[in-house]
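Peer 1: Sequence:
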Amino acid sequence: MATTAASGPTPSAGPHEGSPHAAPAPAPQPAPPPPAQPATISRLGIAAVVVTVVLWASAFVGIRAVGPSFSPGSLTLGRLAVAAVVLGLLVVPKLRGLPRGREWWPILAYGVMWFGGYNVALNAAEHMLDAGTAALLINVNPILVAVMAGVILKEGFPRWLIIGSLIAFGGVAVIALGSGQRSTADVAGVLLCLLAAALAAVSVIVQKPVLRKFPAAQATWFGIMVGALCCLPFSGQLVTELQAAPLPATLGLVYLGIFPTAIAFTTWAYALSMIDAGRLAATTYLVPGTTILISWLVLGEIPTIWGLVGGVICLVGVGLTRRRSR
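For what it's worth, the working numbering labels the leading residue of the sequence shown as 281, then goes sequentially.
Don't take every hint at face value.
[Unchecked claim] Ranges of calculated distance between the beta carbons of each label pair, as one might list FRET restraints:
1. Gly368 with Ala327: 19 to 25 Å
2. Met554 with Pro513: 33 to 39 Å
3. Leu512 with Ala468: 22 to 28 Å
4. Leu512 with Leu324: 34 to 40 Å
5. Leu512 with Gly381: 23 to 29 Å
6. Val589 with Ile443: 41 to 47 Å
7. Pro528 with Trp385: 38 to 44 Å
8. Val578 with Pro373: 31 to 37 Å
9. Gln523 with Gly599: 29 to 35 Å
10. Gly599 with Ile326: 32 to 38 Å
11. Leu375 with Val589: 45 to 51 Å
12. Ile326 with Leu527: 45 to 51 Å
I should point out that these hints are in silico values taken from the structure, not numbers from a laboratory.
Treat the numbers as computed from the prediction; the structure is a model and nothing was measured.
All C-beta atoms, glycine included, are put in the ideal place defined by N, C-alpha and C.
Take these sequences, add in the hints, and give me the full structure.
Peer 2: Structure, rendered in structure tokens:
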């Protein structure tokens with residue numbers, strides 16, 4: 281009955297059975313695409329980062345230089361007023377519309393925190409600390425950005441991020457303890473710098489989505505206008521201090537408004553529109569060294585040994601946060 285068996289239906293044979301009637305093997309699945317490589321930063325983006333670092337470093341020196349002539353609030357208002365006019369000359373002719381509804385919320389947030397609160401806190405701190413030490417303390421900002429990116433943007437907390445953060449905050453403690461041995465006012469300066477760093481870090485996270493809807497210059501100008509409105513209570517003080525200020529101090533205020541504010545905040549926003557917030561924040565590690573160099577050349581200021589040691593510890597810590605876990 282072999283012929284009957286052969287004529288009946290036969291069970292399907294797998295390909296390993298070698299039967300000529302075996303079901304064809306499934307077509308191989310296409311290989312998954314290789315992971316996307318991070319986009320190469322354009323030369324214009326690199327130039328924007330360099331301009332931002334150098335001009336922000338010069339701001340620490342400029343604030344220290346004009347500090348005797350202007351109080352923290354009036355200096356902030358004057359700086360923002362100059363920046364609003366200069367940047368407005370470029371933005372307003374190309375402006376096709378204003379933010380609507382909820383689009384204003386993040387702009388109001390970073391306008392108040394960064395352009396208003398950050399500048400007032402930093403100006404007040406530099407009445408108590410030298411420019412280099414202030415820049416070193418503000419350099420905690422990249423760590424705060426990384427931490428918030430881990431929580432808000434779900435980027436996680438790599439091992440080296442945690443280790444580097446602890447080391448960097450240890451450096452801040454060294455600077456604070458060293459300052460406390462000289463004067464309790466210096467401790468207040470340290471706390472004001474840390475407040476400024478926190479406000480700037482939150483603002484970076486808040487500003488990032490705005491740059492998907494508005495060009496960098498417009499997003500910066502909106503924030504400057506919000507910050508200037510918040511500082512209007514200092515207008516009477518600004519007028520009085522401008523009348524009494526020597527010409528070099530007034531020119532210094534104009535410099536702060538044009539270069540570290542109108543230009544540098546715009547180049548920062550432009551770079552932030554192309555680069556991940558955490559990666560871009562890491563470039564500000566270069567600000568303290570640049571500030572110390574400019575401060576030494578212009579003001580003849582040299583940070584205390586505590587400031588140098590604590591600053592080096594901070595730089596080592598923030599450098600370790602960039603390492604990748606294996």
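Peer 1: Determine for every hint whether it applies to the structure shown.
Peer 2: Structure-based check of all given hints:
no., hint, verdict
1, Gly368 with Ala327: 19 to 25 Å, "holds (23 Å)"
2, Met554 with Pro513: 33 to 39 Å, "holds (37 Å)"
3, Leu512 with Ala468: 22 to 28 Å, "holds (26 Å)"
4, Leu512 with Leu324: 34 to 40 Å, "holds (36 Å)"
5, Leu512 with Gly381: 23 to 29 Å, "holds (25 Å)"
6, Val589 with Ile443: 41 to 47 Å, "violated (19 Å)"
7, Pro528 with Trp385: 38 to 44 Å, "holds (40 Å)"
8, Val578 with Pro373: 31 to 37 Å, "holds (35 Å)"
9, Gln523 with Gly599: 29 to 35 Å, "violated (47 Å)"
10, Gly599 with Ile326: 32 to 38 Å, "violated (20 Å)"
11, Leu375 with Val589: 45 to 51 Å, "holds (49 Å)"
12, Ile326 with Leu527: 45 to 51 Å, "violated (36 Å)"
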